[in-house]
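> Protein sequences, first through last, are from chains R and H. Be aware that the first sequence starts at 1, since it is given in the numbering used here, and climbs by one per residue. Be aware that the second sequence starts at 1001, since it is given in the numbering used here, and climbs by one per residue.
Watch out, some of these pointers could steer you wrong.
To be verified - Which chain R residues face chain H? A few, computed with CB under 10 Å, are given here:
hint, residue
1, Arg10
2, Leu11
3, Glu15
4, Glu17
5, Val21
6, Thr25
7, Thr94
8, Pro96
9, Arg137
10, Arg155
11, Thr156
12, Arg157
13, Phe246
As the list claims (entries may be wrong) - Residues from chain H that keep clear of chain R, each with C-beta distances beyond 10 Å, as calculated:
hint, residue
14, Val1030
15, Pro1037
16, Asp1050
17, Val1073
18, Gly1117
19, Glu1137
20, Asp1201
Said to hold, decoys possible - Stretch by stretch, here's where chain H covers chain R in the computed footprint (C-beta under 8 Å, at least three residues):
hint, segment
21, 85-92
22, 106-114
23, 159-168
24, 176-190
25, 200-212
These are calculated hints, taken from the structure and not from any lab test. Only a predicted model underlies this, so the values are computations on that prediction, with no experimental measurement involved. The C-beta atom is built at its ideal place from N, Cα and C for all residues, glycine as well.
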Amino acid sequence: MTEGADSGPRLVWREAEVLAVVAETASARSITLRVPDWPGHAAGQHVDVRLTADDGYQAQRSYSIASPPEQADIVLTVERVEDGEVSSYLTEETRPGDRLELRGPIGGYFTWTGTLPGPLQLVGGGSGIVPLMAMLRHRANERTRPAARLLSSWRTRDAIIYRDELERLASDDPQLAVVHTLTRESPPGWSGPRGRIDADMLRAFAYAPEQQPRLYVCGPTPFVEAVADALVQLGHAPECIKTERFGPTGDR
Amino acid sequence: MATRGFRRKQPAAAAGRSPPGQYVTPDFPVLSAGPTPRVNLATWSFAIEDPDGRELYRCTWDELRALTASEVVVDIHCVTKWSKLDTRWKGVSFDTLLRAAGVEPPTDYAMAFCDGGYTTNLSVADLRTDNVLIAYEYDGAPLAAQHGGPVRLLVPHLYFWKSAKWVRGFRFMKTNQPGFWETHGYHLRGDPWKEQRYQGD
Ligand SMILES: Cc1cc2nc3c(=O)[nH]c(=O)nc-3n(C[C@H](O)[C@H](O)[C@H](O)COP(=O)(O)OP(=O)(O)OC[C@H]3O[C@@H](n4cnc5c(N)ncnc54)[C@H](O)[C@@H]3O)c2cc1C
């Protein structure tokens, strides 16, 4: 997994073809891409996407890969951010047959492979679920797999990405538990937890430090800060907690 | 390659001030691999070591604060594409620290090491560049833990992962060895104006 800085291939820009665009929620789209000479990836890695306007203006953003390493065509899941330059384009404009420039895979640290022992604890906020989903999809393809739990936080029930697939994965697999918490609403019939993920919620739904889980936390920066702090406070070893911060801090 | 139907949405106001591929945000970018360490200032210290790990100098928090401080206002550039303009920092320059330590760099490279195990490699020339600080104040207030407090490096002419948070010292190196992100595929130097994001760039 670790490579010397002088080894490793140069990350070239590749022109990917959009094969499919699927609505996951009102504001999130999964985009399947065929990337020529894609070198393969590990679950948890991301790509950089580069858009170019007619006047030459370019915008680059990072997007996690949602699909497992076993799948040749890669899938990105993009959540539209209010007034977002790139996310609006990718969720509203992109359609099959389009071409998108990207390079990757990037990020050799926030990754999980089926050979890693120990239960797997995933904690995601909003679109932070994307690289965690790649890990769960990869895990589902493994013959022997460690137990896993996903705790994810959403504003509303309708905002939950991959809800049906996660339900299916969990119902097929007694070793997998999926819990969603809602922070902005309490819909009728909702039996899951409500409110933000804090130490109490982690105590109730996540592996305890004695179980020595591998922890992956991903989402907007303030979410990751709060969850990682709470995990340390509960007694998890900081070096077992891997984090990926998606967004700006909101802190100026 | 033009992307069908894509148009600029971000204001062009700051064009020219941010490096290629970056855009300006009022937010403060955060890139860390793990949880934010919480540091006890009473036992905190900062060390300079030779390539064999022998200690050349060590100072406490109070001793660091007693060194001549500099204030800079600089733009910072995170490899996750955010740039933030006109950020104000206070701290001690690398040369001031070396002078206080009575240390002449024995080699051309150094590894910064940090709480939480993070490391990043820098050349002594980059550390001696203007506006580089061992920083403990941001915008007139003590540096918040989330942003690397109590003390972080500030190396504004390189991508911000080089501005190691929670820094605890430098170890000089005989050769330029990769630090944490550099081992995980990021560029050995990280000049944003040359878009040195990843290895090979
Ligand atoms: C390693 C990495 C992986 C990522 N993976 C994914 C992914 O799988 N799916 C995904 O949807 N996004 C992901 N992101 C976030 C993505 O890169 C963009 O930041 C996001 O799509 C917004 O870009 P934009 O151009 O639409 O918005 P911009 O035009 O850049 O911003 C518009 C406004 O929205 C705010 N904003 C920007 N980003 C966010 C955010 N993430 N949350 C809330 N507010 C924001 C800005 O401060 C600004 O006010 C990832 C980020 C990183 C660093």
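> Against this structure, judge whether each hint is valid.
Here's how the hints hold up against the structure:
{"no.": "1", "hint": "Arg10", "result": "holds, 3 Å"}
{"no.": "2", "hint": "Leu11", "result": "holds, 5 Å"}
{"no.": "3", "hint": "Glu15", "result": "holds, 6 Å"}
{"no.": "4", "hint": "Glu17", "result": "violated, 12 Å"}
{"no.": "5", "hint": "Val21", "result": "violated, 13 Å"}
{"no.": "6", "hint": "Thr25", "result": "violated, 22 Å"}
{"no.": "7", "hint": "Thr94", "result": "holds, 9 Å"}
{"no.": "8", "hint": "Pro96", "result": "violated, 12 Å"}
{"no.": "9", "hint": "Arg137", "result": "violated, 22 Å"}
{"no.": "10", "hint": "Arg155", "result": "violated, 20 Å"}
{"no.": "11", "hint": "Thr156", "result": "violated, 24 Å"}
{"no.": "12", "hint": "Arg157", "result": "violated, 28 Å"}
{"no.": "13", "hint": "Phe246", "result": "holds, 9 Å"}
{"no.": "14", "hint": "Val1030", "result": "violated, 5 Å"}
{"no.": "15", "hint": "Pro1037", "result": "violated, 7 Å"}
{"no.": "16", "hint": "Asp1050", "result": "holds, 23 Å"}
{"no.": "17", "hint": "Val1073", "result": "holds, 15 Å"}
{"no.": "18", "hint": "Gly1117", "result": "violated, 7 Å"}
{"no.": "19", "hint": "Glu1137", "result": "holds, 16 Å"}
{"no.": "20", "hint": "Asp1201", "result": "violated, 7 Å"}
{"no.": "21", "hint": "85-92", "result": "holds (count 3)"}
{"no.": "22", "hint": "106-114", "result": "holds (count 5)"}
{"no.": "23", "hint": "159-168", "result": "violated (count 0)"}
{"no.": "24", "hint": "176-190", "result": "violated (count 0)"}
{"no.": "25", "hint": "200-212", "result": "violated (count 0)"}
Of the hints listed earlier, those the structure fails to meet are numbers 4, 5, 6, 8, 9, 10, 11, 12, 14, 15, 18, 20, 23, 24, 25, in rising order.
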